[in-house]
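S.K.: Chain by chain, the residues:
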Amino acid sequence: MKTEPINEMKLVFPSSSSNEGFARAAVAAFAAQLDPTVDEISDIRTAVSEAVTNCIVHAYRDTIGKIEILMRLYEGGKLVIQVKDKGCGMEDVEKAMEPLFTTGGEERAGLGFAVMESFMNRLHVTSRPGKGTCVTMEKRLVGRSGYGR
Amino acid sequence: MAVQLQLKQGELIALLEGEIDHHSARELREEIDSTASRTRPHTLTLDFSRVQFMDSSGVGLIMGRYRLASEWGGQVCVANLPERLEKLVSLAGIRELCTVVRTEEEEK
Chain B
1 MKTEPINEMK LVFPSSSSNE GFARAAVAAF AAQLDPTVDE ISDIRTAVSE AVTNCIVHAY
61 RDTIGKIEIL MRLYEGGKLV IQVKDKGCGM EDVEKAMEPL FTTGGEERAG LGFAVMESFM
121 NRLHVTSRPG KGTCVTMEKR LVGRSGYGR
Chain L
1 MAVQLQLKQG ELIALLEGEI DHHSARELRE EIDSTASRTR PHTLTLDFSR VQFMDSSGVG
61 LIMGRYRLAS EWGGQVCVAN LPERLEKLVS LAGIRELCTV VRTEEEEK
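Keeping their order, the protein sequence lines are chains B and L. Quick note on this note's numbering: the first sequence kicks off at 1 and runs consecutively. Quick note on this note's numbering: the second sequence kicks off at 1 and runs consecutively.
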């Protein structure tokens, strides 16, 4: 049986790099209703920043497209964040997810997926060349009140 | 995001301030590099004490400056890393490239 989220929100914005800070802040605001710890919020902000940067740097490399973030909150403190684009997609998701692999040039560390993986509890990536990419991340929040414990 | 640059006895100190992401990293990089390439410091110190947030773009910033300073045999030093950035810096293995130090507390 599929559980219904207790709250959900969708955010759509253009892939300009100036929106990176806004995307982090919006997701952090959504997560705030679970009374997360400073560390939990910091992990979420960092992971979202990586996912959104991937859309800007890779998916819509020479163009501006739409980035969609879907946030869902479930009973017990489970937060699911989906970051979707309709950009160039990837041939080889596994290769792209290898730490230090990057096609972003010298100034990119190639750590985006590694950060998402280690800062969140679950990471799932689907991609189709020419169609786009969907990154799903999940985090169980214990929160300051211990709500999700 | 802003950076204050200070040259002291052949050491270039870059005091970074604010949030480092893909968006802000470019401007920081340009400012640091234009001064660093001109002054060729023996040590380029990146001071993170006033950085509130950074993602892997900050790691890219450190690695890129490491490569730049290597061109003239200089080293990069990462100073005053806030505790919340520790996880990211460990994951990236920055300590294998740079010294990570804590300089004296600055006055508020």
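Some clues are possibly wrong.
[Said to hold, decoys possible] Derived lysine-lysine pairs resembling DSS-like cross-links, with alpha carbons at most 30 Å apart:
no. : chain 1 : residue 1 : chain 2 : residue 2
1   : B       : K84       : B       : K95
2   : B       : K2        : B       : K84
3   : B       : K84       : B       : K131
4   : B       : K78       : L       : K87
5   : B       : K95       : L       : K8
6   : B       : K84       : L       : K8
7   : B       : K86       : B       : K66
8   : B       : K10       : B       : K84
9   : B       : K86       : B       : K10
Bear in mind the hints are in silico, worked out from the structure with no lab data behind them.
S.K.: Need the list of violated hint numbers for this structure, in ascending order.
M.R.: 5, 6
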